[in-house]
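Turn these sequences into a full structure, and let the hints guide you.
In the order they appear, the protein sequences are chains A and B. So in UniProt numbering, spot 238 of the first sequence is number 238, and the numbers just go up one at a time. So in UniProt numbering, spot 206 of the second sequence is number 206, and the numbers just go up one at a time.
Hints were generated in silico from the structure; no laboratory data involved. Note that the Cβ used here is the ideal one computed from N, Cα and C, for glycine as well. Wrong hints could be hidden among the right ones.
[Stated by the list, open to error] Here are some chain A residues the structure puts well away from chain B; computed CB gaps all over 12 Å: (1) Gly221; (2) Glu250; (3) Lys252; (4) Arg333; (5) Pro395; (6) Thr417; (7) Pro431.
[What the hints assert, rightly or not] Coverage of chain A stretches by chain B, computed from C-beta distances (three or more under 8 Å per stretch; other residues unrestricted): (8) 93-105; (9) 178-192; (10) 201-207.
There are 2 protein chains.
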Amino acid sequence: MPKPTRHLALNAFLMSAGHHEAAWRSNATEPDDYLSLEHVVELARTAERGLLDSIFFADVPVLGHPDRRPSESLDPTVKLAAIAAATSRIGLIGTASTTVEEPYNLARRFASLDRLSKGRAGWNVVTTATDAVGANYGITEWPGHEERYRRADEFVDVTLKLWNSWRPDAVVGDRAEGVWADPSRVQPIHHRGEFFDVAGPLTVGRSPQGHPVVVQAGSSGPGIALAAKYAEAIFTAQRTIEDGRSFYAELKAATRRAGRNPDHIKILPGIVTVLGGTEAEATARADALDDLIVLRHPHEQLAHQTGLAVDQLPLDEPLPAAVRAPDDNTGSRYALTLELARREDLTVRQLLRRLGGGRGHRVFAGTPEQVADTIELWFTTGASDGFNVMPATLPDTLEDFVDHVVPILQQRGLFRTAYEGSTLREHYGLPVPGEGALAGVSRAG
Amino acid sequence: MPKPTRHLALNAFLMSAGHHEAAWRSNATEPDDYLSLEHVVELARTAERGLLDSIFFADVPVLGHPDRRPSESLDPTVKLAAIAAATSRIGLIGTASTTVEEPYNLARRFASLDRLSKGRAGWNVVTTATDAVGANYGITEWPGHEERYRRADEFVDVTLKLWNSWRPDAVVGDRAEGVWADPSRVQPIHHRGEFFDVAGPLTVGRSPQGHPVVVQAGSSGPGIALAAKYAEAIFTAQRTIEDGRSFYAELKAATRRAGRNPDHIKILPGIVTVLGGTEAEATARADALDDLIVLRHPHEQLAHQTGLAVDQLPLDEPLPAAVRAPDDNTGSRYALTLELARREDLTVRQLLRRLGGGRGHRVFAGTPEQVADTIELWFTTGASDGFNVMPATLPDTLEDFVDHVVPILQQRGLFRTAYEGSTLREHYGLPVPGEGALAGVSRAG
Numbered sequence: 001m002p003k004p005t006r007h008l009a010l011n012a013f014l015m016s017a018g019h020h021e022a023a024w025r026s027n028a029t030e031p032d033d034y035l036s037l038e039h040v041v042e043l044a045r046t047a048e049r050g051l052l053d054s055i056f057f058a059d060v061p062v063l064g065h066p067d068r069r070p071s072e073s074l075d076p077t078v079k080l081a082a083i084a085a086a087t088s089r090i091g092l093i094g095t096a097s098t099t100v101e102e103p104y105n106l107a108r109r110f111a112s113l114d115r116l117s118k119g120r121a122g123w124n125v126v127t128t129a130t131d132a133v134g135a136n137y138g139i140t141e142w143p144g145h146e147e148r149y150r151r152a153d154e155f156v157d158v159t160l161k162l163w164n165s166w167r168p169d170a171v172v173g174d175r176a177e178g179v180w181a182d183p184s185r186v187q188p189i190h191h192r193g194e195f196f197d198v199a200g201p202l203t204v205g206r207s208p209q210g211h212p213v214v215v216q217a218g219s220s221g222p223g224i225a226l227a228a229k230y231a232e233a234i235f236t237a238q239r240t241i242e243d244g245r246s247f248y249a250e251l252k253a254a255t256r257r258a259g260r261n262p263d264h265i266k267i268l269p270g271i272v273t274v275l276g277g278t279e280a281e282a283t284a285r286a287d288a289l290d291d292l293i294v295l296r297h298p299h300e301q302l303a304h305q306t307g308l309a310v311d312q313l314p315l316d317e318p319l320p321a322a323v324r325a326p327d328d329n330t331g332s333r334y335a336l337t338l339e340l341a342r343r344e345d346l347t348v349r350q351l352l353r354r355l356g357g358g359r360g361h362r363v364f365a366g367t368p369e370q371v372a373d374t375i376e377l378w379f380t381t382g383a384s385d386g387f388n389v390m391p392a393t394l395p396d397t398l399e400d401f402v403d404h405v406v407p408i409l410q411q412r413g414l415f416r417t418a419y420e421g422s423t424l425r426e427h428y429g430l431p432v433p434g435e436g437a438l439a440g441v442s443r444a445g
Numbered sequence: 001m002p003k004p005t006r007h008l009a010l011n012a013f014l015m016s017a018g019h020h021e022a023a024w025r026s027n028a029t030e031p032d033d034y035l036s037l038e039h040v041v042e043l044a045r046t047a048e049r050g051l052l053d054s055i056f057f058a059d060v061p062v063l064g065h066p067d068r069r070p071s072e073s074l075d076p077t078v079k080l081a082a083i084a085a086a087t088s089r090i091g092l093i094g095t096a097s098t099t100v101e102e103p104y105n106l107a108r109r110f111a112s113l114d115r116l117s118k119g120r121a122g123w124n125v126v127t128t129a130t131d132a133v134g135a136n137y138g139i140t141e142w143p144g145h146e147e148r149y150r151r152a153d154e155f156v157d158v159t160l161k162l163w164n165s166w167r168p169d170a171v172v173g174d175r176a177e178g179v180w181a182d183p184s185r186v187q188p189i190h191h192r193g194e195f196f197d198v199a200g201p202l203t204v205g206r207s208p209q210g211h212p213v214v215v216q217a218g219s220s221g222p223g224i225a226l227a228a229k230y231a232e233a234i235f236t237a238q239r240t241i242e243d244g245r246s247f248y249a250e251l252k253a254a255t256r257r258a259g260r261n262p263d264h265i266k267i268l269p270g271i272v273t274v275l276g277g278t279e280a281e282a283t284a285r286a287d288a289l290d291d292l293i294v295l296r297h298p299h300e301q302l303a304h305q306t307g308l309a310v311d312q313l314p315l316d317e318p319l320p321a322a323v324r325a326p327d328d329n330t331g332s333r334y335a336l337t338l339e340l341a342r343r344e345d346l347t348v349r350q351l352l353r354r355l356g357g358g359r360g361h362r363v364f365a366g367t368p369e370q371v372a373d374t375i376e377l378w379f380t381t382g383a384s385d386g387f388n389v390m391p392a393t394l395p396d397t398l399e400d401f402v403d404h405v406v407p408i409l410q411q412r413g414l415f416r417t418a419y420e421g422s423t424l425r426e427h428y429g430l431p432v433p434g435e436g437a438l439a440g441v442s443r444a445g
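Written as structure tokens, this is what we have:
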């Protein structure tokens, strides 16, 4: 196989004790240490030691099941800012929702992170809309899927305008005349739309990468449209290489149709990794983790999603035939879950173990060689531009990945042996927006 | 004078190149370095080296005059989180407004900062309501002063309920049973009010100090009522010791009437410091800074506030007799400005130079001994519990304060010679809320 000239992107998706929901039961970390500065800084430094492009924290502004797993969640921008001070190269991506934020506040927070980190920030755009989240914001009824995505579209548009409201050459620093910035190079955005009226300009100017990288995850119809229009990186959940290739081709085509260069959207499927010296060792490790899953809660959650009572979903039988995802929700994580159960003919117990292991993402238990093989195969055959690496347990599985998988990818000429740049855009190979950008022009990229 | 047993509190109020608006013209720092991580970390470490209680960043979510001074402003929680990773003891206080935030988002962001910093966070509650800020949030008309403070009251109440929604002993970490936290110790708040409906619980549990310290600055009537009910520290602007004593007595009495221990509200007037080896040197330094103020912008701003044209406010004449603060705005910074002009019989030029130097706060140019004398006098004669130190230029005036004023205060037995505790509450001598707190109980303090 010829050495690929494309750049393989690797993001470490970090979650408390690890992506496997029983991870916290399997190791000796103190149970309330997962939220500590030391823990998250150690993870980020490990990822940086492995020359990864970025780390990522997901977010839902509602408490999960505190009796089930480490369920606290800190605001991602606050956590990433602390990490920014303790690292120098790794990209810093956090989720924030267009449904429970003000564009001015969100744009400012991510721009602040981008400035402090010298151009390493990324915003993962989500359109949160569960009843439980709504209850924390006085929202009793969410707008439909379509309206939510229309709001998300306008929200991202406003955010980009705010990020572009300072020209890169705005600060002149003329001490003699007492002029700090040239006001003609800092312009209001005068946005008036269906959902938001925002005057601007932002209180924060340009970072070395122009503005934060826009990331998106949605793989539903409106999610793909939003991604094609704005996203520069995609964290997606594709469980087979066929699904991966089909999603990859669809999104690249949609991006081209949206008038953008398809190379400027990096598609990174999630892979939950459980590593072992031999395949048997990795599988045994994954099984041992699955044995630690407390099934009661996900069982109740699945019952809630399907609209059935728990005892209508016996653990050792397949899902009842009548269970389907709502028509307006194809491509959602729930729809993918049901698809998985059907395709692999799983019992409810098997399905819940799979979900507990990877929350809908592809779980891969194997040797470092096998993980490198699968990454190479997806990357070189049109299924991905890299991977969203989701260590099952932390910090150990991330260390395993950095110490054992990365060197193999480097030996194969697939991955960098040193950081070439210092911004997230440079890591991902994305253009710098904003050179000559003016207010009202969404972006130059 | 007997050695006081009360604890003197010192907060460093940090602002870009310094509080003097011409500070950036007076030194050799690169003009866009004021927002850098290195700059703010250096300031915080200097304050920590001086054993100060805390640092503080103010905030207004609208851009100031970019041609006048370094006017960018990063989100304070993001900036403070970065500083948290680079310091270990100093308290970290940031402003956020009850008018442009959601309580769940704000409570979570400050609780996240409090967790990551191991109990060093403080929230300065403000009720921003200028037209320029409104325009960034689609708000064309703000509610009146009274309604804004009613909203602020409910906002703080909700925030405290969320911060208290986890009992300190909630995380049990029972690996054998697979129970991470005891769900009976994490309770929803079920808040339903005039402005907010918030279910809770928060996604973040207790920090070592229980929850962030609540700070407030308002010295208007409703501001004092809010402070008496909730505030644990007050950053105020009193220009004479008589004003200071009268405000101190009024607020302590109001706090007692609100059913709280008046020792649990620390009153810290602002003092803009310009230091010199001799008084003449300090005064010359202050004058040289004042000479660098570009008067055009504050002149226009004063004209706007007074409702007059610029040429109706000649620089070398006193304020026209007809100019007064609106009746519903007594105690505001603008009202205090007018009072100052009358009391000291200042011309418009003199007034603008004063304001440019300290933005309405007391400017003190003197030797370290003189600054220590004034701090001691205010502290020991019922005018303050400490000071909100506002260095005119940064980093040099902060370094001067730490290296020359702090040792004098220590020699006099007024200030600590080592940190006794590690949380902001310990530094300020405030009680830890939350021991035994349950949802719905605002706080134990």
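For each hint given before, does the structure comply? Return the numbers of the non-compliant ones in rising order. Of the numbered hints given earlier, the structure breaks none, since each of them holds.
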